[in-house]
Amino acid sequence: MSSSADNLREYLSLWPRTLTDLDRFLLALRLGEYNNPSLATLADLDNSTIGAGDGRVQNLPSRIKTINRSTLATKSLELIRSIIGTTKWNTGAELMTILEGLGKEFHTAYSKDPCLSNIVRRVMNEIRKEVESAYSARQQSANSNAPLSVNTACLDPSADSALSPPNVSRVPSMTSAMFNQGADDIKELLYGAAERFRSDSVVSGDSADSRGGDEGAGKGNGKKKRDPKSPQRGQKSESIALSSRAKKLPPFYHVPNGKHFTNNIMESIQEVLGEIDESNKAINDQASLHIHSNATILTYSSSKTILSFLISAYHKSKRRFKVVVAEGAPHYGGHVMAAKLSQEGIPVTVIHDAAVSAMMPRVDCVLLPAHAVLANGGVVAPSGSHLCALAAKANKVSTIVVSGLDFKLCPMYPHEGQDTFQDLISPAVLLPKNISTTIDFENDSLVDLLSPVHDYISPDLVTLFVTNIGGFEPSYVYRLLVELYHPDDPVVFS
Amino acid sequence: MAELSAEEKAQKKAEKAARAAEFAKNNPNIGKTAKPKLTKAERRAKQEAQRAAKVGEGGGKGGGDKSEADKDKKGRQEGNQPQRQQTTRQQTTTRTASQSNSSNPTPSRRKDSNASSLPPPPPPSSTSLNLFDHLPPYRPPPPLSSLKSSLPSQLPRPIIDLGRKYSSLSIDGANDRAVAMLTAFKSVVQSFTCPPNKELRFHLVAVLKTCFQHLTECRPHSISMGNAFNFLKSHILKLNPDLSSDDAKQEVTEGIDRFIQERIRFASSVIARVGVDKINDDDVILTFSYSASVLAVLLLARENATPFRVILVDPRVGDGGACNLMAKSLLTRGVPVTYVGMEGVSYVMRDVSVVMLGAEGVMSNGSVFARVGTLGVAQAAKAYRKPTLVCCEGYKFTNKVQLDSITHNELGSVEGMGGGGEDKLNLLYDLTPSELVGGVVTETGLLPGSSVAVLLREME
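These protein sequence lines map, in sequence, to chains A and B.
Under the working numbering, the first sequence has 229 at position 240, and the numbering climbs by one with no breaks.
One gets the working numbering by counting positions in the second sequence from 1 and adding 30 to each.
No lab work stands behind these hints: they were computed from the structure.
Glycine included, every Cβ here is placed at the ideal spot set by N, Cα and C.
Keep in mind that a hint or two might mislead.
Below 35 Å or equal to it, Euclidean Cα-Cα: the simulated DSBU-like pairs (lysine-lysine) are [stated by the list, open to error]:
#  : chain 1 : residue 1 : chain 2 : residue 2
1  : B       : Lys263    : A       : Lys385
2  : B       : Lys412    : A       : Lys382
3  : B       : Lys416    : A       : Lys101
4  : B       : Lys195    : B       : Lys358
5  : B       : Lys412    : A       : Lys385
6  : B       : Lys268    : A       : Lys382
7  : B       : Lys195    : B       : Lys216
8  : A       : Lys382    : A       : Lys101
9  : A       : Lys385    : B       : Lys430
10 : B       : Lys430    : A       : Lys382
11 : A       : Lys77     : A       : Lys101
12 : B       : Lys228    : B       : Lys268
13 : B       : Lys263    : B       : Lys216
14 : A       : Lys307    : A       : Lys237
15 : A       : Lys248    : A       : Lys236
16 : A       : Lys385    : A       : Lys101
17 : B       : Lys416    : A       : Lys382
18 : B       : Lys308    : B       : Lys228
19 : B       : Lys412    : A       : Lys101
20 : B       : Lys412    : B       : Lys430
21 : A       : Lys385    : B       : Lys416
22 : A       : Lys101    : A       : Lys237
If you want the ones that stay clear, here's a sample from chain B, every Cβ over 12 Å from chain A, calculated [as the list claims (entries may be wrong)]:
#  : residue
23 : Pro171
24 : Pro172
25 : Gln184
26 : Arg187
27 : Gln243
28 : Lys268
29 : Ala322
30 : Val378
31 : Ser435
32 : Asp453
33 : Gly469
34 : Leu476
One-sided and incomplete, this derived list gives chain B residues near chain A with beta-carbon spacing under 7 Å [to be verified]:
#  : residue
35 : Gln409
36 : Lys430
37 : Val431
38 : Asp434
39 : Thr437
Use the sequences and the hints to build the structure in full.
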């Protein structure tokens, strides 16, 4: 549905300032201000999370100009927040449409980084939660006001459709609904599922009106009843045309929400922001669990998260260890990483990428950064880290992926193998620097240069994830996915 | 520091004396022959004692074979009074030097054994890992001016030139290094004049040994060089002692030529014929850096008009363009090449049909000692279940065995590995265990790694 992005633009034109903000952000994405994630990872190390930084990391040999990904995530979240704050949406469905549109805009501008889609999905999930909790709150107040008891309501089929929590179509809500309401409401669950099914098949038309009427009846004297269809059809200028996906949302998404609801959503966005902020700290707290004294730790290329993890282990947990850093071609982030570590007083040795396998028998644990964590527990990491993981596996060395999952966890599967999120950059980095090139790399039609940026690491090569929400095995990732994202939300915004 | 330099001076003086003694012994017509009536065995024992003493100064830092020799021959030093005094003096100076400089607990072997021929090594480059203190640190090739003044005068010119080429890595690759060494030795043999009252065989071997030692000091010798030198030694010692000097020299040079021709060049062409069978139409061959034997296989396949393409993996270790040379050799013959860095191996491995790797040497347990990164490529190949072939001439098989890449290796220049104060480590080789190698392509055919020991035995 390409029209939802257009819908969004048309809708946002009512608030030209917000639209300008969005365009500015998209332009920065297109211009590549956030490109080259591997280069950007070390950009602005937040010393506050480390505690011992005190500005020692200032004068670095830095060839990094881009903004790092957590800043990108924060910026996109702030943009979403301001759009939600300024626009005059009425219902949950409208809000979902806005976010879907945003997701598409982001995806069109910069599809290489899954981080933006994840953020949008995350906010969509928060909105779903808020809509549902607002709905159940209304339900409760309706129940307490209504004279009929729960049991009779269950038996009454007309009341059923209104009373049943329509959020039963997916597993987590089903379970939560079961826990919340007790086993005697099993009938409600079933009827709810049936109702949900009906609402799926009936996309628009007067049945929606009737459902709205049903809800109104169910709510009783709870809130002011308002027909959800009339604003979006009638006053086109004031509200956004719903996307096909949003139209399929359960009826209570089409009910206007109060100011309190907006505040709740803002709060939950703020929570996500805070989570991104605190991510490194939460990871660093686990350092003492994984690093013993006199350990030799191998890490690949550069990662802001791993850097602060190691520094925290060194200064806070007082572990004395040695670090072996692989250069991490083609960006050679390892050089920067090693310089920063050695400034902190941590003994570092830089080795070539090719020597990783040779060193592995003397390494105690491998720390790898992640570009994205996939639904099967696999990891997209800087190119070459697959070799690290393979070597570690061959030598029975544990491979620990240290990464925040706030925006890196993706709900997709690596169907494309090594091509998952792959990015091939200019092979200029491959050309020899000092040797006068005897080969005409540019014009020789026989030669082909490849410079991939990422590697896909399958879950069997990962021993552990150390994340902001704790340490776990790759097999646990699917569970986190259902917590963070709603399965009905689009996996790819395209 | 002043004390240290004084110590060094004293040590150098001692070195010089030792060298002078040896020189006098080797060239009796120049020096005064104090003991002309020594028997062959005595002479040999003394020579070895001297060498052992020299190695002994390094505090047991020498290679395993040398320290063994040291142990074996220490007893023979009896009755060699002046030499012994020198030795003890040197040992004490070494000890005090290492005491005064406690940050350098293991003085470089090269510094002791050949302090006069090369400039003093840079400060200890041992990294915080302390894993590679047993390996001699990398030293850049010395400037020519300092070399001229400091080299021992009896070293032949071609050897000095070759040593410089080795240390600057302008000759790299196992075959090239072995061929260059043998060629240089041939010219040494040709210009060799046996002093009267000497047996040519033993004297020639002694001279070549000094040459070989110098080359090893310039850069630790490769397995190929070691094996080639061992061949040369036994070839000379097997000469008929009744031959005239010219005939003997003729025999030796012919032997060298034959070795180069049969064991290296012909072996390479046979390997090409064996290996080319494994390249089918439209295959994708992945290879790693430069290897003469792999190149021979690929070029033969090209000659046979087999359509195939090559994925060439650049180890990105600043190896002086070895990989570039490989790419150029393939491209000029019209072989399509996909050039990818070490980090891209996993990305390209999916498309590969066969992985063909070169080797520095193959150990008797079938593990392959090769350019650093070979192990990584082999591991990636295994992960993608691709067949891996190692092309290696039989003369590079060795009786030595090691289990990982740490115990024996070589350190290279750390130039271009970041600019900070951090330690840098450039390993030049790694060891690929035999379970990662599908087969070894040699002149005797395609063998499993477990057959290497058998082949070694057969060849002896």
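35 Å Cα cutoff - pair B:Lys308, B:Lys228: 53 Å, violated
Under the criterion of a CB-CB separation shorter than 7 Å, is B:Gln409 in contact with chain A as hinted? 5 Å, holds
Pairwise hint evaluation, A:Lys101 against A:Lys385, where the allowed Cα distance is 35 Å at most: Holds, at about 33 Å.
Measure nothing beyond the straight line between the CA atoms of B:Lys430 and A:Lys382; if it is 35 Å or shorter, mark the hint as holding. Answer holds: B:Lys430 to A:Lys382 is near 27 Å, not above 35 Å.
Please check whether the beta-carbon of B:Lys268 is more than 12 Å away from every beta-carbon in chain A. Consistent with the label, B:Lys268 stays out of reach of chain A, its closest Cβ about 39 Å off (over 12 Å).
Report holds if the minimum CB distance from B:Gln243 to chain A is greater than 12 Å, and violated otherwise. 28 Å, holds
Between A:Lys382 and A:Lys101, does the CA-CA distance stay at or below 35 Å? Between A:Lys382 and A:Lys101 the Cα gap is close to 29 Å, so the pair holds against 35 Å.
Taken at face value, is the distance from the CA of A:Lys382 to the CA of B:Lys416 at most 35 Å? 18 Å, holds
Has the given pair, A:Lys307 with A:Lys237, been kept, meaning a C-alpha gap of at most 35 Å? 55 Å, violated
Is A:Lys77 close enough to A:Lys101, meaning Cα to Cα at most 35 Å? Within the cut-off at roughly 32 Å; holds.
Tell me if the straight-line CA distance from B:Lys195 to B:Lys216 falls inside 35 Å. Since the Cα atoms of B:Lys195 and B:Lys216 sit roughly 17 Å apart, the hinted pair holds (cutoff 35 Å).
Below or equal to 35 Å on CA atoms is what counts here, so check B:Lys416 against A:Lys101. Status holds; Cα separation ~30 Å.
Hint compliance for this structure: hints 1, 6, 14, 18, 30, 31, 32, 36, 37, 39 are broken, all remaining hints hold.
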